[in-house]
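Turn these sequences into a full structure, and let the hints steer you where they fit.
Residue numbers (UniProt numbering), protein chains in the order written: chain S, 1 to 406; chain G, 1 to 406.
Among these hints, one or two may not hold up.
Each pair may be met inside one copy or between any two copies, as identical chains are not told apart.
Here are the simulated DMTMM-like pairs of lysine to aspartate or glutamate, each with C-alpha atoms no more than 20 Å apart in a straight line [stated by the list, open to error]:
#1 K267 with D228
#2 K267 with D351
#3 K267 with D186
#4 K267 with E142
#5 K364 with D302
#6 K267 with D84
#7 K364 with D351
#8 K364 with E347
#9 K267 with D302
#10 K267 with D375
#11 K364 with E219
#12 K364 with D268
#13 K267 with E50
#14 K267 with D137
#15 K267 with D184
Just so you know, these hints were derived from the structure itself, not from any lab.
All values derive from a computational prediction rather than experimental measurement.
2 protein chains.
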Amino acid sequence: MSDMRLPGEAHALVRHTHQERVLRALRERGALSRGEIARAVGLSRTTISEITRDLLRHGAVVVVDTDAASRAGSGRPAERLALDPNSGQFLGVDFGHRRVRVAIADAAHEVLASGRQTYDDSTGWPERIETAFALIDRLGAERGVHFRALQGIGIGVTGPHPRSSAPHAPEGAFGPGFAAARDDVDVSFAERFGAPVMVDNNTRLAALAEALAGDASAENVLYVRLSDGVGGALVIGGRLVPGATGLAGELGHVTVVPGGGRCRCGKDGCLETVASVPAMLAACRQRGADVGSLDELASSTDPVVEEVLRDAARALGRAVGVVAMVFNPAEVVIGGDIARLAPVIVEQTSDTVGAELFPWVAAKPAFRCARLADDDGATGALAALFRSSPLLADYPEPAPIRALPA
Amino acid sequence: MSDMRLPGEAHALVRHTHQERVLRALRERGALSRGEIARAVGLSRTTISEITRDLLRHGAVVVVDTDAASRAGSGRPAERLALDPNSGQFLGVDFGHRRVRVAIADAAHEVLASGRQTYDDSTGWPERIETAFALIDRLGAERGVHFRALQGIGIGVTGPHPRSSAPHAPEGAFGPGFAAARDDVDVSFAERFGAPVMVDNNTRLAALAEALAGDASAENVLYVRLSDGVGGALVIGGRLVPGATGLAGELGHVTVVPGGGRCRCGKDGCLETVASVPAMLAACRQRGADVGSLDELASSTDPVVEEVLRDAARALGRAVGVVAMVFNPAEVVIGGDIARLAPVIVEQTSDTVGAELFPWVAAKPAFRCARLADDDGATGALAALFRSSPLLADYPEPAPIRALPA
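Next comes the structure, spelled out in structure tokens:
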């Protein structure tokens, strides 16, 4: 061992690098067929077959199922491989304004249990956290899930989520006890479960889940959600853009009506004052249309209501137009029930954005409404865990690291 | 060699990974002291000393100088290490509207030669390319530079630079023969020099150079240039954001005056129609101020001229405000001679952006005018070459790849 210039060594090292790429693809994406792995890591099918054979033999990877269910076309179903499911569990939690959502997954990305529990909008953070703990305990007991090797906890919270110093937002502006929320959540979950905790804005996590649920090629995504507020997020190369201080994505607080109505953030004329669901309902009432709920807003045939929806979408389109000119996304995804229920939102936003961009096909992103439902935040928290390498730095390697037989 | 479960092997593999990180840091950043390398790759000084000792012994890395010239404080000057300068040359070319700039560097990032050659704004692409070739030949002869191992050519061009399909821009909108420019440049340089060619918008390349010239921590940068037109670019984590179709960064064509004047891009009321130097000069004349050149625009004490500059900066600030809300940059850099000569531009833009963002310290980026001069595009082209891993995939490794003595 004094000098290791052995002829087979370069080969072994290259193979080790290839192994790492395969394991990383499985960590990030969950179960994949050998063909999908080959495309994901850019290696030949032959090489992938060799690598996965070795990984299977060492127990780092297992066969979980076949692609018979999802397979397009005929032919023999292909085995799908994944990291050993028992090597770790992951917990995704999404605290919304009126409910908490929980999803628990294994290292193969299989969701072992998921559920939701409602609470009142005025509920404080300590109670919200206790509600989540009780839900997690109940789900664990019902489904027999044990956190034998909990690898990480991803938590979504409402409101902007600065990375460093706490924001000086007006108390209560973004929900009860917003400013203190993050620290409480961090500490409470870390103490209770003894695992690393990652906290982020839940709209951003939903955006990540949506980007991954879309076409594989659509890795340049601008996501916007219209609900009680208006949130947004950017995804580049399958990863969230956090921004310099963790504040990226706040499309809802772009000024669209200079000198317009006061926003709860303290500014005037934010997009949220025009395009949130409460703002649309208020505009309808103001213009004499009798709609009192989101469902009525979406289903009304009153032309006044349609014009309110179009006005909101035009304001959204102007803001998205600026961002699209600078960020050049492949896809703009609009989330929130209203976008799903009222197609005029996506249609009008797309039209307005089109007029704001260069009149070239290459300049125009695709538009769609979100595919996921209420579980998008918890799903996104899991995706962020699977994809955030710092957190998973000590993710179990197929120990020991060694060159495989040549 | 049938089964390599040797005790020293895991150690050798870890060291190989560390070596790769050190080599990558030197590739991307040029000459660094051991302390700078340690900070860049996140390893201890002791580990770095061991790794660099081995790399020096194998000739992959050389000592180029000491940090005596740039060192802050007292103490013994530290050696600076770099990749073997003779292992490759890199060529950066920037085609502006009225001149071409060339810079030639070695693998240690040392600029071996640089220069510029003017041409008329109406000069066609074949002549521009011939002018560049002649300049490169002359620089090579004068400085004794030989392209023994030319690793890559980075080329900046004016106008938007879509990655895939050619844009359907009006002929001449972004300079003579814009649509065909890229293909000509690609092929001409590849044929002449027999090296891989990368072409990008020159404002984007300047943005990369500026981001790297700024504080090391400022890796989230929004760059804007006010000159004959208005260009922009986003840098995240030290890399340019290309966008889905290569069109990212076109801040100059964001609509800031709905229904405003016709822009050369074909749209109405673009930022460029208000904040480009020609637009500012035209606005001065329209309001009766007698200024005919950029220098007069910058030095005039006429309050009408100041108001024109402020109006341009307010429009810029509104557009930057939207982008900053969504992208959350650490720094906004404003390039172009007018930003350097008229401090009111940066000052007013900063004020306007501040009013568009959350009123929190964490939300506000730093503002500065650009530090680099006319050589920013060519410098950025070199930086893009050093940092673009695909191009450098076959960059010479310290061959052969092998584990070093334990």
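Broken hints, numbered, in rising order? Checked against the structure, the hints that fail are numbers 3, 4, 5, 6, 9, 10, 13, 14, 15, while the rest are satisfied.
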